[in-house]
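*Asks:* Given the coordinates of chain L, work out where chains D, R and H with the ligands should sit on it, guided by the hints.
Residue numbers (our numbering), protein chains in the order written: chain L, 1 to 308; chain D, 1 to 308; chain R, 1 to 265; chain H, 1 to 265.
Just so you know, the hints here were simulated from the structure itself, not pulled from any lab data.
Backbone N, C-alpha and C fix where the C-beta goes; we use that ideal spot for every residue, glycine too.
Treat the hints with care, as some may be off.
[Stated by the list, open to error] Beta-carbon label-pair distances, calculated as ranges: (1) D:Gly80 <-> L:Ala282: 30 to 40 Å; (2) H:Asp114 <-> L:Gly211: 48 to 58 Å; (3) R:Glu211 <-> D:Glu11: 53 to 63 Å; (4) L:Tyr37 <-> H:Thr11: 24 to 34 Å; (5) H:Arg29 <-> D:Arg39: 51 to 61 Å; (6) H:Glu95 <-> R:Gln189: 52 to 62 Å; (7) H:His71 <-> L:Tyr37: 31 to 41 Å; (8) D:Ser87 <-> L:Ala282: 54 to 64 Å; (9) D:Thr205 <-> L:Gly211: 37 to 47 Å; (10) H:Glu89 <-> L:Arg39: 42 to 52 Å; (11) H:Thr11 <-> L:Ala282: 19 to 29 Å; (12) L:Glu6 <-> D:Ala282: 51 to 61 Å.
[Said to hold, decoys possible] What the simulated footprint calls covered on chain D by chain R, stretch by stretch (three residues with Cβ under 8 Å from a Cβ of chain R suffice, anywhere in the stretch; the number is not a length): (13) 208 to 219; (14) 271 to 282.
[Claimed, not checked] Example chain R residues on the side facing chain D (calculated, C-beta under 10 Å, incomplete): (15) Thr2; (16) Phe5; (17) Trp48; (18) Gly49; (19) Val84; (20) Pro86; (21) Trp101; (22) Ser220; (23) Met222; (24) Cys224; (25) Cys232; (26) Val233; (27) Pro235; (28) Gly239.
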Amino acid sequence: MSRSIELCGVELRGPVLNGSGTFDAIAAHRAFGDELYARFPFDAFVSKTITVEPREGNPLPRLWETPAGLINSIGLPNKGLDGFLASDLPRLAEVPVPLVVSVMGFSVSELKRLVTAVAARDEVAMLELNFSCPNVETGLIMGADPGETARAVERLRPLTEKPLIVKLTPNATDPAAVAAAAEGTGADGLSLINTLKGMAIDPRTGRPWLGATTGGVSGPAVKAIALQQVHQVSARVKLPLIGMGGIQSGRDAADFLLAGATAIAVGTENFRDPAAGSRVAAELEAVFRNEREYLGEWAPPMSGRGSQ
Amino acid sequence: MSRSIELCGVELRGPVLNGSGTFDAIAAHRAFGDELYARFPFDAFVSKTITVEPREGNPLPRLWETPAGLINSIGLPNKGLDGFLASDLPRLAEVPVPLVVSVMGFSVSELKRLVTAVAARDEVAMLELNFSCPNVETGLIMGADPGETARAVERLRPLTEKPLIVKLTPNATDPAAVAAAAEGTGADGLSLINTLKGMAIDPRTGRPWLGATTGGVSGPAVKAIALQQVHQVSARVKLPLIGMGGIQSGRDAADFLLAGATAIAVGTENFRDPAAGSRVAAELEAVFRNEREYLGEWAPPMSGRGSQ
Amino acid sequence: MTAPFGRRLTTVSQGRDVGAYRVITAVDREGPDPEPGQFYMLAAAERWGGGESERPWLPRAFSYARARPAHGGGVELDFLLEAVGPGTERLAELERGDGLWLTGPLGVGFSPADRPLLVGGGIGAAPLLCLQDQHPDAPVLLGFRSAAYAEAAALFEGPVGLCTDDGSAGRQAFVTELLRERLDSGEGQTVYACGPPAMLEAVRALCAEREVPAQLALESGMACGFGACFGCVVPTRSGYVRLCVDGPVLDAAELVTAEVPGAGH
Amino acid sequence: MTAPFGRRLTTVSQGRDVGAYRVITAVDREGPDPEPGQFYMLAAAERWGGGESERPWLPRAFSYARARPAHGGGVELDFLLEAVGPGTERLAELERGDGLWLTGPLGVGFSPADRPLLVGGGIGAAPLLCLQDQHPDAPVLLGFRSAAYAEAAALFEGPVGLCTDDGSAGRQAFVTELLRERLDSGEGQTVYACGPPAMLEAVRALCAEREVPAQLALESGMACGFGACFGCVVPTRSGYVRLCVDGPVLDAAELVTAEVPGAGH
Ligand SMILES: Cc1cc2nc3c(=O)[nH]c(=O)nc-3n(C[C@H](O)[C@H](O)[C@H](O)COP(=O)(O)OP(=O)(O)OC[C@H]3O[C@@H](n4cnc5c(N)ncnc54)[C@H](O)[C@@H]3O)c2cc1C
Ligand SMILES: Cc1cc2nc3c(=O)[nH]c(=O)nc-3n(C[C@H](O)[C@H](O)[C@H](O)COP(=O)(O)OP(=O)(O)OC[C@H]3O[C@@H](n4cnc5c(N)ncnc54)[C@H](O)[C@@H]3O)c2cc1C
Ligand SMILES: Cc1cc2nc3c(=O)[nH]c(=O)nc-3n(C[C@H](O)[C@H](O)[C@H](O)COP(=O)(O)O)c2cc1C
Ligand SMILES: Cc1cc2nc3c(=O)[nH]c(=O)nc-3n(C[C@H](O)[C@H](O)[C@H](O)COP(=O)(O)O)c2cc1C
Ligand code: FES
Ligand code: FES
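So that you can see chain L by itself, here it is in the shape it has in the complex:
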């Protein structure tokens, strides 16, 4: 489909990624077989976030539907670094687009281990640093604090030539300051937004519904918030942005590009339609085709960069 773009030096056939943790290519291949690869809905594939140690994830229940949105408290279940490298990565290599591996560390030393090991693998095109967790050494949420972000990126940057994308959390007073800290210390790109902290009450018991009490809100309900953050961050930094948060349609995707993103990611909408990425890409292409002027007027993030 569509026009190719360059994202952090990597050529992609188009601008549509998935949000980390919202599409499991391995499980989807079990469900949909080789048709998944033949019609792969994303132009780069972002893995679910992995950690050094294996994790079971959060207690149940983990999902709550909200008006035009979803609260999840999944808790990053994953096989851990070794398990991922041994059993998931070889299978993810079959995915017909560049692979982005998302990692989270609870300290800079964990992050260093993750980045070193993951970046060493040829299957991996880029790394995404999910900074939405507390640094156990300081107690601060890494991605909410410019100093934490700078300290981490600074020490990870020398470990690899591969692009490092920092995923920003929206639960921060000034995401643009965090973005600037990431840019200043050598990040190659930024992803935003992650989920907003949220909660639901079980109407039958009056107690928090989610096993982990709180979770993260995603979906169309957060789109306006995400768009504002993309706009604000793009005004502050020159790094390419991967915009996400509630994207359901090509029009939504265009909104993010107009707000300053270079690429976009489809998250929760994948749950409503496994092939949503392809639909969004086709609809976006139609917006470009039919409304050239419309996109030209404001800030044409793809023209010029696109190769055809």
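*Replies:* Frame of chain L; chains D, R and H with the ligands shown alone:
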């Protein structure tokens, strides 16, 4: 209606307030006549935020409808302190419930002027400090920074015996830290949440729709986020909380009480139904009546405090 | 006349197409008689929300087009609708028996004047219908995009001055040309006008040049309709005013321009 | 059998009430034959979203109840629905001609076994219907709340062991009592069961005591149905597994309990 509560030492006939800026009792009296007072939908009335100087408000357009929500960029139009005291306050005194006046200052000295002048008036039962704006002296958003909040409340506290309620902004890394700062310096209560920063793109031009580029998101779309912040803040402070953000029904109101609020406020829902406050109160009463146990199990914020 | 407090549930008694427009009729049992130029906030009782991109969610503003005493008490209201987005599309689907939430009548309508001239552009014809009921002898000038829209002209009593952009019904002209001719021939002491921003601005300018008083029914995006949100303001010579409580009909002399950012579609 | 990639739009060919339940039938032109115990993610093409508190928004999981070759190709699927919330209520409204989004067949169904015994509680009867088509001689034990629900028993071929909580149809008993009697009389080598969490847990315990193998079709809240969200996990002896890709049918021996927090209603 319903059971009375005590909020910051003021007896209210029930727990339902309005969100500042979402109901203009003077304009509503013009539209609906005396029936408004006879069936007044709130148990205390919160004025639209006033500032020292008169303000015209933001450029147009100011409204954008989102999935289950609204983005507004109204920009605090108001007559200024003198205009408010001279022409609005006498008319607001006709409202048959205690009056809360919301004030915003762009410096601590502005705030001092506002608090002194407003608190001196007998018509005013409580003051709400809207801290969602930058302190022009420091450039920091007052309500996003615990230090700013503490410095302001500390200097306002001695000016009046009347209850001071701090309205928290959700656009902060740690609203609970701000809440603790307000508690530590003498605030009597907290209101939360204000709107989340948001933006929309005009599909016809590709440019930001709102005249002021960005605005604030409210409505059911933000309810899960608001509930989480109420829960988080109530775990940190003992102050009574006025919970708001997307409340549409008595069930929503109960959720906020269960999450730790003492009272709740109806905001954007007033736009869908001017009498929404009464409906929410009646539905909430039905939840109390029919599901005593349900509310008892978790955290019965009203029983004990209620006077009947 | 003030409105009953709160929104109320009414029942649609009829929905019918009039060319490209739709008329829905509902019986408002509790409501007072509205005055021409006043409006109501409407929302369908079912399926309001959850359409394309999950809208509509807020109620929408509509001038009433006609009002008459209802059988069994109250007032029967006609609304003339143009489907331009999710809210109007949903309302245009309503059929007899469907529920309709309604708040109103709201705002300040047209104020009395002698020898009025009624000028409407497109859906702006709506509030002129009840004005004509009050001023049966007033000339009516209407402009529409094309014949399908111009069918709404048949809702008026007697002959009207009719034009369309494409000449498919009446003269091929803008309605402001018809107005210019009438004004230049000395007809009309006050102009009552409603229509899209550009047309209202042309009417304003024409009348200003000729020092003919004009009352313009404007539109702007409204969230509440009763002065609560300050979202509907329009700029006037004395600053922003809330169109829902200080309008929607404004004295043209108050306006520098009738073109409001974000209004119209 | 893997599913076609992506959701697809189908048309409801019939919707009918069966006692307190509803059966909707849709023709899946592109889909392969599903296997008993597999499920589909369904969403109405219209009015999905915007109901009470703006839900439903995500698709909902449903076992297919029966499948047969469709006239003109593809497969005709029956779903047996119990309206328990906004999603099932909306789906239960669907009538012939309405659009239905469908993804599937998904998950792992029942695995072959000899001399099976089919045990269903309430809406858990749904996946037993296609199982009975495969195992026409297997005994079927069904428990329902009351007679209105028990009408679903008539969807099965031949006589079934029937009980209700209130005795208004069949025996007054829990279906696990019927199961206990059968097991104690040595009937059945494998139990296939589907029903509410408490019933499945009782089935699990009964079978475990007697060392009878059991396959349990569980439920849990699902957002995606294809392994993307990790929301549907249930605890097993080897940790959490995603019910949508590793189930919904699980070997009872894998479970410490069949009661999953948040499942059921
Ligand atoms: C006093 C008054 C009287 C009126 N009387 C009539 C009448 O008699 N008959 C009639 O047909 N109409 C009337 N209108 C206009 C009517 O209210 C609008 O057409 C209606 O609100 C449009 O709603 P919608 O959902 O159909 O379209 P929207 O999608 O709301 O589109 C309408 C316009 O709003 C803007 N818009 C688009 N998306 C959004 C969004 N997400 N949020 C906010 N704005 C958006 C755009 O400019 C768009 O062109 C009146 C308006 C006013 C203020
Ligand atoms: C594999 C599988 C197969 C199934 N097969 C069938 C079948 O054949 N027939 C059938 O009728 N049903 C079947 N179900 C159950 C069906 O999927 C649920 O009944 C349905 O999802 C309920 O959706 P709802 O919107 O109607 O109700 P919901 O409102 O979603 O309520 C259902 C339950 O979800 C919880 N809940 C309430 N509100 C929320 C919220 N906001 N977010 C998240 N959870 C909430 C509560 O526990 C509630 O009782 C199956 C489920 C699974 C997993
Ligand atoms: C169920 C679920 C799991 C997620 N897991 C991760 C994760 O592992 N790592 C991460 O960086 N983001 C994760 N996210 C956040 C998404 O990648 C995305 O940032 C967010 O959902 C906003 O986009 P959306 O509204 O389109 O879903 C998850 C989101 C959801 C809904
Ligand atoms: C149009 C509009 C104007 C508002 N004006 C103010 C204001 O002047 N002062 C203030 O503290 N909050 C203001 N708010 C925020 C509300 O009081 C409330 O905190 C917020 O809208 C969340 O509640 P809701 O989702 O129920 O609307 C405004 C909100 C809206 C929608
Ligand atoms: S529409 Fe809200 S103030 Fe006019
Ligand atoms: S429902 Fe999403 S992983 Fe199972």
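*Asks:* Hint check: is the beta carbon of R:Ser220 less than 10 Å from a beta carbon of chain D?
*Replies:* 8 Å, holds
*Asks:* Is the interface hint for R:Met222 satisfied, with its Cβ closer than 10 Å to some Cβ of chain D?
*Replies:* 8 Å, holds
*Asks:* Double-check R:Thr2 for me: the hint is only fine if its C-beta lies closer than 10 Å to a C-beta in chain D.
*Replies:* 4 Å, holds
*Asks:* Report holds or violated for the interface hint on R:Trp48, using the least CB-CB distance to chain D and a cut-off of 10 Å.
*Replies:* 9 Å, holds
*Asks:* Assuming the hint says 51 to 61 Å, is it satisfied by the Cβ distance from H:Arg29 to D:Arg39 or not?
*Replies:* 57 Å, holds
*Asks:* Under the criterion of a CB-CB separation shorter than 10 Å, is R:Phe5 in contact with chain D as hinted?
*Replies:* 4 Å, holds
*Asks:* Lying within 51 to 61 Å: is that true of the beta-carbon distance L:Glu6 to D:Ala282?
*Replies:* 59 Å, holds
*Asks:* Holds or violated: the hint that R:Gly49 contacts chain D, with Cβ atoms closer than 10 Å.
*Replies:* Holds, about 7 Å.
*Asks:* Would the stated hint for R:Val84 survive a check requiring a Cβ distance to chain D of less than 10 Å?
*Replies:* Hint violated; R:Val84 Cβ to chain D Cβ min 12 Å, cut 10 Å.
*Asks:* Could you check if R:Cys232 really has its C-beta closer than 10 Å to a C-beta on chain D?
*Replies:* Holds: closest Cβ of chain D sits about 8 Å from R:Cys232, inside 10 Å.
*Asks:* Using the Cβ atoms, figure out if H:His71 sits within 31 to 41 Å of L:Tyr37.
*Replies:* This hint holds: roughly 33 Å between Cβ atoms.
*Asks:* Determine whether the Cβ-Cβ distance between D:Thr205 and L:Gly211 falls within the hinted range of 37 to 47 Å.
*Replies:* 46 Å, holds
Checked against the numbered hints above, the structure breaks hints 1, 2, 10, 19 and satisfies the rest.
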